[in-house]
Structure formats: structure tokens, C-alpha cells
Amino acid sequence: MAHLNIACIGEAMLELSLSSLSDPARVGVAGDVLNTAIYLRRMMGGTSTVKFVSGLGNDDLSNEIAGFINSENVDCSGIARISGKLPGIYSIKTDG
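For the sequence shown, the working numbering assigns the number 252 to the initial residue and increments by one for each residue that follows.
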């Protein structure tokens with residue numbers, strides 16, 4: 252397969268996952284475009300470059316999001332850092 256350079260442009264957010272109000276929430280990192288970038292990278296192996304293009308703040312949570320993306324071997328050089336901004340957050344409720 253030829254080497255491809257892929258850019259995925261979108262959001263990365265903190266995800267609170269709840270199964271019930273009595274259970275503690277799990278915190279993760281997600282977003283439709285970010286998930287696509289991660290799975291593309293996993294499928295392509297070392298044959299292609301997948302870059303995530305987005306904006307994050309300069310805070311600790313944004314740093315953790317960027318660290319997570321980097322740990323998935325997705326190129327983070329397209330992430331702009333914006334002073335005074337914080338990452339988005341959303342919640343989901345799961346069941347068995």
C-alpha cells in the first residue's frame with residue numbers, strides 16, 4: 252500500500268461515561284473525528300501518517316487529551332493551543 256498522509260479535522264472532548272448514578276463516572280477522551288483518526292491509525296499501521304487537526308487550551312486537561320492522542324500514535328502537530336480555553340465535556344449513559 253502506498254504511504255498516505257491523512258488529516259482528520261474535528262474535536263476531542265472529555266467523555267464522562269455513566270452506567271448509573273450510584274456508580275462512579277469513567278473519564279475518557281473521545282469525539283467522532285478523533286475516534287476516526289485513532290482507528291485509521293490502528294488499521295494503517297506504519298504505512299501512513301494520520302494527523303489530528305483541532306484546537307485545545309493550555310490547561311492540564313488539554314495536555315492530558317494531547318498526551319492521549321499522542322499515545323495512540325496520531326500526529327498531534329495540527330493541534331493549536333489557545334490560551335484561556337478549556338476542552339469540551341459531554342456525558343453518555345451506558346447499559347448492559
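Worth flagging that the hints you see were computed from the coordinates, not collected in a lab. In this text the structure is predicted, and so the values were computed from the model without any measurement. Cβ coordinates follow ideal geometry from the N, Cα and C atoms, glycine included. Among the clues, some could well be false.
Simulated restraints on C-beta separations [to be verified]:
| id | residue 1 | residue 2 | range |
| --- | --- | --- | --- |
| 1 | T287 | S342 | 16 to 22 Å |
| 2 | N314 | D346 | 19 to 25 Å |
| 3 | T298 | A276 | 22 to 28 Å |
| 4 | D310 | A253 | 20 to 26 Å |
| 5 | G329 | M294 | 18 to 24 Å |
| 6 | H254 | P275 | 42 to 48 Å |
| 7 | S268 | D311 | 19 to 25 Å |
Against the structure, the hints:
no.	hint	in the structure
1	T287 / S342: 16 to 22 Å	21 Å, holds
2	N314 / D346: 19 to 25 Å	33 Å, violated
3	T298 / A276: 22 to 28 Å	37 Å, violated
4	D310 / A253: 20 to 26 Å	39 Å, violated
5	G329 / M294: 18 to 24 Å	20 Å, holds
6	H254 / P275: 42 to 48 Å	43 Å, holds
7	S268 / D311: 19 to 25 Å	20 Å, holds
Hint check: violations occur at hints 2, 3 and 4; the rest are consistent with the structure.
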